[in-house]
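Here the protein sequences line up with chains C and G, keeping their order. The first sequence maps to residues 7 to 138 in our numbering. The second sequence maps to residues 7 to 138 in our numbering.
Since the hints were derived computationally from the structure, they do not count as laboratory data. One should not assume that every hint holds.
What the hints assert, rightly or not - In silico SDA-like pairs for lysine to any residue, Cα to Cα no more than 25 Å straight-line:
(1) C:Lys-49 - G:His-113
(2) G:Lys-74 - C:His-113
(3) C:Lys-134 - C:Pro-114
(4) G:Lys-39 - C:Cys-110
(5) C:Lys-134 - C:His-113
(6) C:Lys-11 - G:Thr-10
(7) G:Lys-49 - C:Gly-65
(8) G:Lys-134 - C:Ser-111
(9) G:Lys-74 - G:Leu-127
(10) C:Lys-134 - G:Glu-86
(11) C:Lys-11 - G:Lys-11
(12) G:Lys-11 - C:Met-7
(13) G:Lys-134 - C:Glu-121
(14) C:Lys-44 - C:Gly-65
(15) C:Lys-134 - G:His-113
(16) C:Lys-134 - G:Lys-74
(17) C:Lys-49 - G:Ser-111
(18) G:Lys-11 - G:Glu-86
(19) C:Lys-49 - G:Lys-49
(20) C:Lys-39 - G:Cys-110
(21) C:Lys-74 - C:Ser-37
(22) C:Lys-74 - G:Thr-131
(23) G:Lys-11 - C:Thr-10
(24) G:Lys-11 - C:Asn-118
(25) C:Lys-11 - G:Asn-67
(26) C:Lys-39 - C:Gln-130
(27) C:Lys-11 - G:Lys-39
(28) G:Lys-39 - C:Pro-114
(29) G:Lys-39 - G:Gly-65
(30) G:Lys-49 - G:His-113
(31) C:Lys-39 - C:Arg-53
(32) C:Lys-74 - G:His-113
(33) C:Lys-11 - G:Cys-93
Remember, predicted model here, so these are calculated numbers, not experimental data.
There are 2 protein chains.
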Amino acid sequence: MLITKETDYAVRCILYLAQADAQIANVTEVSRKMHIPKTFLAKIFQRLARAGLVESSRGMNGGFRLSKPPSVISLLDIMEAIQGGSCINVCAVDSKKCRRSAVCSVHPVWVNLREEVNRRLQEQTIDKLARR
Amino acid sequence: MLITKETDYAVRCILYLAQADAQIANVTEVSRKMHIPKTFLAKIFQRLARAGLVESSRGMNGGFRLSKPPSVISLLDIMEAIQGGSCINVCAVDSKKCRRSAVCSVHPVWVNLREEVNRRLQEQTIDKLARR
DNA sequence: AAGATTAGGACTAATAACGTCCTATACTTC
DNA sequence: GAAGTATAGGACGTTATTAGTCCTAATCTT
Chain C
7 MLITKETDYA VRCILYLAQA DAQIANVTEV SRKMHIPKTF LAKIFQRLAR AGLVESSRGM
67 NGGFRLSKPP SVISLLDIME AIQGGSCINV CAVDSKKCRR SAVCSVHPVW VNLREEVNRR
127 LQEQTIDKLA RR
Chain G
7 MLITKETDYA VRCILYLAQA DAQIANVTEV SRKMHIPKTF LAKIFQRLAR AGLVESSRGM
67 NGGFRLSKPP SVISLLDIME AIQGGSCINV CAVDSKKCRR SAVCSVHPVW VNLREEVNRR
127 LQEQTIDKLA RR
């Protein structure tokens with residue numbers, strides 16, 4: 007699957023943080039509002055934090071907030087933070103894993119498709135999505 | 007993953023059959039030439055046959071041949087025969103599995119992406135690919 | 001110091017991908 | 001019509017990925 011459930015959850019919680027009234031939110035809150043298993047969500051936030059998309063603060067009244075404006079966070083950014091990029095096909099990602107890539111006439115199709123998908127995901131920024 | 011190994015194998019063997027000198031070929035032959043595990047390939051051919059992309063003949067000198075001209079077989083056809091369509095995201099395929107799809111502002115993005123991917127895969131016909 | 005919250009690794013469960021094996025069935029040739 | 005060759009199809013096994021839990025430590029606020 008191109009988009010895993012984890013990525014889907016991640017998008018939801020970034021969107022939640024982007025709402026004006028939720029500048030900072032903790033795991034419990036986001037978990038309840040967005041219907042995401044709490045412990046799983048904690049992991050997701052960790053990855054988003056390591057990728058620099060959100061910042062955390064611990065202790066009482068702690069939680070997470072976006073570390074960039076929504077206009078510069080794209081679906082691609084989130085996906086890369088969680089899954090490490092879109093996986094169309096093994097040989098499109100790492101041509102070393104496909105010895106035939108030089109011979110294979112289909113290979114360029116996968117590469118092309120991947121580029122197009124990435125382009126589209128990059129276009130979709132959080133501010134655009136949050137406006138709907 | 008959008009394109010599974012099984013689909014990838016299927017594309018390879020359809021391409022092989024499309025070569026002029028291979029009007030009919032048996033599992034053993036295709037397996038050797040295309041580097042696909044033999045028993046696995048047999049399964050793949052079965053699916054392609056059920057989808058009407060290839061025809062089989064049994065017994066001595068039997069094997070498989072394309073049942074349509076290469077110009078009307080697309081990558082999408084092959085993918086649908088093997089995987090049953092492109093799986094971008096659960097909720098893009100079956101909106102019943104995503105109760106939030108009515109509310110969710112990201113949902114249309116997945117649907118759109120899926121349509122674009124399908125469109126591109128449909129454009130790529132076997133005759134185009136075989137020519138390279 | 002107490003309570004609340006994230007950090008991070010180890011672990012488990014479920015699902016899908018990948019592939020094998022065995023028996024039945026059909027066709028060709030001698 | 002018997003022997004040999006090939007596909008048909010279901011059951012099964014294996015591995016990888018996805019999804020999610022749990023526990024302990026570290027940090028911050030009051």
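Quick rundown of the hints versus the structure:
no., hint, result
1, C:Lys-49 - G:His-113, "holds, 23 Å"
2, G:Lys-74 - C:His-113, "holds, 23 Å"
3, C:Lys-134 - C:Pro-114, "violated, 31 Å"
4, G:Lys-39 - C:Cys-110, "holds, 13 Å"
5, C:Lys-134 - C:His-113, "violated, 33 Å"
6, C:Lys-11 - G:Thr-10, "holds, 18 Å"
7, G:Lys-49 - C:Gly-65, "violated, 56 Å"
8, G:Lys-134 - C:Ser-111, "holds, 9 Å"
9, G:Lys-74 - G:Leu-127, "holds, 18 Å"
10, C:Lys-134 - G:Glu-86, "violated, 33 Å"
11, C:Lys-11 - G:Lys-11, "holds, 21 Å"
12, G:Lys-11 - C:Met-7, "holds, 13 Å"
13, G:Lys-134 - C:Glu-121, "holds, 20 Å"
14, C:Lys-44 - C:Gly-65, "holds, 17 Å"
15, C:Lys-134 - G:His-113, "holds, 13 Å"
16, C:Lys-134 - G:Lys-74, "violated, 45 Å"
17, C:Lys-49 - G:Ser-111, "holds, 24 Å"
18, G:Lys-11 - G:Glu-86, "holds, 14 Å"
19, C:Lys-49 - G:Lys-49, "violated, 39 Å"
20, C:Lys-39 - G:Cys-110, "holds, 13 Å"
21, C:Lys-74 - C:Ser-37, "holds, 22 Å"
22, C:Lys-74 - G:Thr-131, "violated, 43 Å"
23, G:Lys-11 - C:Thr-10, "holds, 18 Å"
24, G:Lys-11 - C:Asn-118, "holds, 18 Å"
25, C:Lys-11 - G:Asn-67, "violated, 48 Å"
26, C:Lys-39 - C:Gln-130, "holds, 23 Å"
27, C:Lys-11 - G:Lys-39, "violated, 38 Å"
28, G:Lys-39 - C:Pro-114, "holds, 21 Å"
29, G:Lys-39 - G:Gly-65, "holds, 21 Å"
30, G:Lys-49 - G:His-113, "violated, 35 Å"
31, C:Lys-39 - C:Arg-53, "holds, 20 Å"
32, C:Lys-74 - G:His-113, "holds, 23 Å"
33, C:Lys-11 - G:Cys-93, "holds, 12 Å"
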